[in-house]
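*Asks:* Okay, here's what each chain looks like letter by letter:
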Amino acid sequence: MSVLQRAKTWEISDSEDEGDAQTKGEESRQTGLSADCGSSRGSQDTCTPHAVSQSNSLSPPRELKSGTPSPARKRRTKEEVEAERVKAKERKEARERERRAKAQEKEERRQEQQRRREAAERLKSLRPENCLKRLTVCVDPALLQHSGSDILLDTLVASEWKFSIESQQLSHSITWTRDVSQQGEESKGPVEEEQIILVLGLTDFMDMVIWVKKMLESDGEESPVESVLSPLLECLNRDAKKVVTVLVTDSQPHYRANSCREYTVHQTLQSQLGIDNLELEEVLVYLQLYKNVSVVFLDGWQNVTDHVCAVTKALSKRPFKILTERTELPFCVDGSWASGVRVERDGSGLSQVWSRQIQQLNRVSPAVASTITAAYPSPQILLQAYQSMESEEDRKGLLAGLLVKSGGKERRIGPDISARVYRCLTAHNSQLVLD
Amino acid sequence: MPASEPVRLGRKRALPTCPNPLFLRWLTELRDQAREKGLKTQHVYQKAISSLNKYPLPLKNAREAKILQNFGDGICKILDEKLQRYYRENGPEAPIHSLPEGAPPAGRPDNNSLAPTRKVRGEAGKRKKREYVPQKRSGGYAVLLALYRQAQIPGSKGYMFKLELQAEAQHLCDKSFTVPELGSKYTAWSSVSTLIQKNLVLKTHNPARYTGHTHGNTHTAKSQNLTKSICLISSKNRLVSVAPLRTDAGGTSCSGKPQAPPAASRRPNGERLLPGNYEIILCVDFIETTGGSHHCKQELVKELQRNRVTFDIRKLNVGDFLWVAREKVAPVPGQLRPPPGRELVLDYIIERKRMDDLCGSIIDGRFREQKFRLKRCGLRRPIYLVEECGTAASHLSLPETTLQQAIINTQVVDGFFVKRVQDVKESAAYLTVMTRYLSKLYQNRTLICRSRELEGDGESDEEERGNPSCTLISFTEFNQGAIKNKCQTVREVFARQLMQISGLSGDRAAAILEHYSTPRSLLTAYEQCASEAEKEKLLSSIRYGKLKRSVVQCLIFISFYFILHYISVYLYIIFFLALQIKTLKNTTDSCFTSVKNN
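Residue numbers (UniProt numbering), protein chains in the order written: chain B, 1 to 435; chain S, 1 to 598.
Keep in mind that the hints were calculated from the coordinates and are not lab data.
One or more hints might be untrue.
What the simulated footprint calls covered on chain B by chain S, stretch by stretch (three residues with Cβ under 8 Å from a Cβ of chain S suffice, anywhere in the stretch; the number is not a length) [as the list claims (entries may be wrong)]:
#1 83-97
#2 138-149
#3 332-340
#4 375-384
#5 426-435
By construction, the Cβ of each residue, glycine as well, lies at the ideal position given by its N, Cα and C atoms.
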């Protein structure tokens with residue numbers, strides 16, 4: 001019915017429009033400006049369909065107007081000549097403007113693409129393998145006196161990482177710097193990483209233990225006596241953000257498998273100083289709680305080297321990790337569930353995406369999800385089904401009762417899951433709790 | 001004819017259509033009883049009711065009902081028993097296809113409360129179902145009233161957090177909101193889920209915020225009227241002596257049941273624990289103490305006992321060990337147990353991993369997930385305790401270097417403190433020494449309670465080494481906040497749904513969420529697009545990434561990135577097109593060409 005009616009009104013308006021245009025056409029022919037007018041009529045023709053149906057009521061007066069023979073016609077033609085000239089000029093300008101706008105748009109698009117490309121490159125530069133290239137391992141020369149330190153240098157050379165041997169603020173330490181010049185707009189030169197590794201031999205470490213023990217006995221008074229620890233403490237006072245790991249190693253490697261690295265340390269401490277395990281533990285806990293310093297006992301320089309390499313690799317992973325973890329999502333974004341489904345050109349994979357999307361609700365099993373996707377193969381189809389239902393209760397319960405087949409047993413989708421799917425897809429309040 | 005019987009009870013309105021009113025009534029009673037107890041069988045009864053409703057013929061006995069769907073042996077047997085009893089009471093010739101006149105209403109304890117609401121419902125008009133009205137001084141009643149009162153306070157924030165709400169509602173309720181009654185695992189709080197289901201309370205956000213629903217608010221007003229009337233009724237019975245409306249003090253006096261002590265019902269925020277008034281106690285997750293297969297677990301507890309550490313075994317929702325500062329409370333004369341002291345959590349939390357655990361958790365993904373939750377738990381100094389278990393590392397399914405790298409990543413990337421020990425004995429020694437040193441560290445400090453819910457995780461200003469933070473969260477709040485998969489919001493599910501598309505990482509999903517935080521809003525945006533091309537491009541102009549300066553010193557600059565065009569196209573296809581998957585071929589083809597051109 002409605003279609004028919006509409007067709008009628010169209011007919012009426014069409015004929016009217018034509019008549020209107022014709023009268024105008026005659027007018028303009030008289031003035032001898034047919035060419036321009038023809039184009040204007042054309043434009044009028046194309047733009048009217050919507051407006052005309054409204055102008056139904058207006059048509060009688062317009063007819064009247066065109067019907068009256070007017071004395072003003074001649075004067076108007078002169079004005080019209082002028083007006084047309086102005087119009088033509090305007091059109092030209094408009095065309096010019098359009099051209100300029102297009103050029104500008106093109107330029108903008110180009111810039112946008114440029115920005116995107118740069119952004120992608122920056123993102124790429126944060127990838128661990130690229131970050132690794134900008135890290136420099138800085139080794140204090142004092143460490144080279146250790147007989148096993150060759151292993152470290154050899155490994156650094158072999159891995160093609162940048163490293164430098166220069167005097168560090170903290171003697172016997174290894175630090176890292178990151179070159180950020182390519183990364184940001186402001187090129188500031190290398191930035192120091194927070195991590196510091198201090199490599200101590202057994203005797204130095206024992207000095208440290210004695211010093212801490214004395215201090216603990218004297219009730220927290222840090223003794224003024226110079227010790228191995230004092231440069232470390234100074235370093236920590238300078239920059240509270242630094243994270244120091246003390247690697248304690250015996251310069252003579254023990255070829256006794258890596259089973260009990262600590263054993264030799266303990267033995268030496270016990271035999272030479274009479275310090276038992278508990279006392280050692282106290283020193284370590286003191287360093288942890290008061291100085292945020294961790295101590296690792298390693299057997300020989302091979303293990304020290306491995307440790308340094310692992311820290312370097314970890315540092316290279318950090319920027320990317322921080323970028324991805326920064327998101328304010330309330331769940332861990334890593335894991336197999338988050339890897340996403342590839343969608344192929346023929347659209348395969350889409351149904352799997354939809355199925356896994358339903359599984360993101362708590363306590364929805366793959367079997368339940370595939371039941372829903374079998375009944376409603378896309379979100380939009382499900383939404384249309386919701387729209388076709390009248391009451392809220394019906395929509396909430398739409399999925400309830402669908403038969404789930406899993407492992408021979410038959411179950412039905414419960415009202416809770418049904419209601420949660422409905423609310424998740426249709427809620428306006430993003431903070432609504434579904435469970 | 002059954003229909004000719006006068007209908008008196010609300011529930012009988014459905015009867016004329018059902019020729020088996022007696023069975024229907026019994027089933028309804030059974031269902032309601034089950035529902036009150038929160039039993040799953042309520043659904044079984046509900047199913048039976050709906051199939052009985054559909055059956056047009058009168059049934060002679062319960063055995064006949066077995067032909068109906070959802071009628072099993074159990075239900076038939078119950079019905080048969082009831083039928084036998086019915087015959088005994090009313091004579092063997094009693095009609096079973098019509099209800100006896102003056103039959104007692106289905107036995108619900110709150111029948112009295114129906115009287116005042118019936119009128120209101122009559123005015124409201126067409127409601128078919130009986131409205132849910134919580135029983136006076138029940139959990140639901142107290143929660144509604146507390147929310148209503150809070151909403152009446154001018155300038156209030158309009159919602160309440162769980163702890164706040166429990167504190168405010170406790171004195172309006174006879175049952176405890178925190179401790180389940182003897183022989184039951186439900187507290188008064190359990191009724192909140194019913195309120196949410198009935199649309200009386202709205203639960204949003206995570207941590208959860210509770211709001212009286214607009215509809216619910218009128219309801220609360222009603223239930224307050226209700227209170228008055230019930231108060232009148234029951235005062236005759238001398239059960240309630242105090243008017244319930246201003247009963248801040250009267251709450252305890254008007255019921256014989258024990259109440260939560262006033263200390264717990266006060267708002268915990270801003271309270272202080274003075275030096276000397278508290279002790280530091282090690283808390284051990286019960287998982288660490290149970291489980292027969294790992295005999296070393298019991299060994300840990302034994303070792304701690306031998307070291308005379310004061311420790312407490314409880315269920316920790318994140319981490320394996322932590323420390324609380326527990327208020328010392330003197331026993332009150334006349335009470336067997338001292339009132340529970342307040343507990344604040346220190347900032348140190350330990351996750352303990354043996355090498356084989358570590359290996360397993362890396363493989364199944366728990367490793368990252370656990371670290372994530374440790375970072376979010378609100379305690380600022382997470383510690384990873386690695387027990388290396390000697391030579392066991394050599395025959396694990398991951399190479400030693402991978403495991404070492406994972407440990408070092410935990411320190412360098414995640415910023416945890418990593419502690420390495422050899423065995424359980426050393427773990428116990430470490431925990432012992434930590435407990436002693438923490439007691440020492442907190443010896444002369446005044447502790448202030450802060451609330452994460454109310455204040456968020458502000459960076460503490462006392463980040464100096466050796467000066468531990470003294471504004472701490474309460475143990476209850478900490479442990480509740482750490483429950484895994486507790487409640488999903490629409491936003492969270494939507495984010496997870498977005499990430500199901502290959503290439504859509506967490507940060508990209510977060511960027512989309514900033515613009516469209518629900519599936520609904522994204523779909524509306526698609527509907528408002530003028531052309532297909534516009535729809536495809538809708539998301540590709542979203543930028544993500546932020547300028548981040550010197551929060552972490554070494555990371556000066558992270559710039560903006562864009563949602564890739566193909567992802568935008570995929571989202572459009574997946575969320576908006578109402579196509580069968582098979583017919584999608586052409587669409588994806590054309591989209592792919594547009595992706596290539598880009």
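*Asks:* Indicate, hint by hint, whether the structure satisfies it.
*Replies:* Here's how the hints hold up against the structure:
Note: the segment 83-97 of chain B has 0 residues with beta-carbon separation from chain S under 8 Å; the three-residue rule is not met and the coverage is violated. Three residues within the 8 Å Cβ limit are the bar, and the segment 138-149 of chain B against chain S gives 0, so the coverage statement is violated. Counting residues of the segment 332-340 of chain B whose beta carbon lies closer than 8 Å to any beta carbon of chain S gives 9, which reaches the threshold of three, so the coverage claim holds. Here's how the segment 375-384 of chain B fares: 7 of its residues keep a CB closer than 8 Å to some CB of chain S, so the rule of at least three is met and the hint holds.
Residue count for the segment 426-435 of chain B with a Cβ under 8 Å from a Cβ of chain S: 10. That meets the three needed, and the coverage hint holds.
In terms of the numbered hints stated before, the structure departs from hints 1, 2, listed from lowest to highest.
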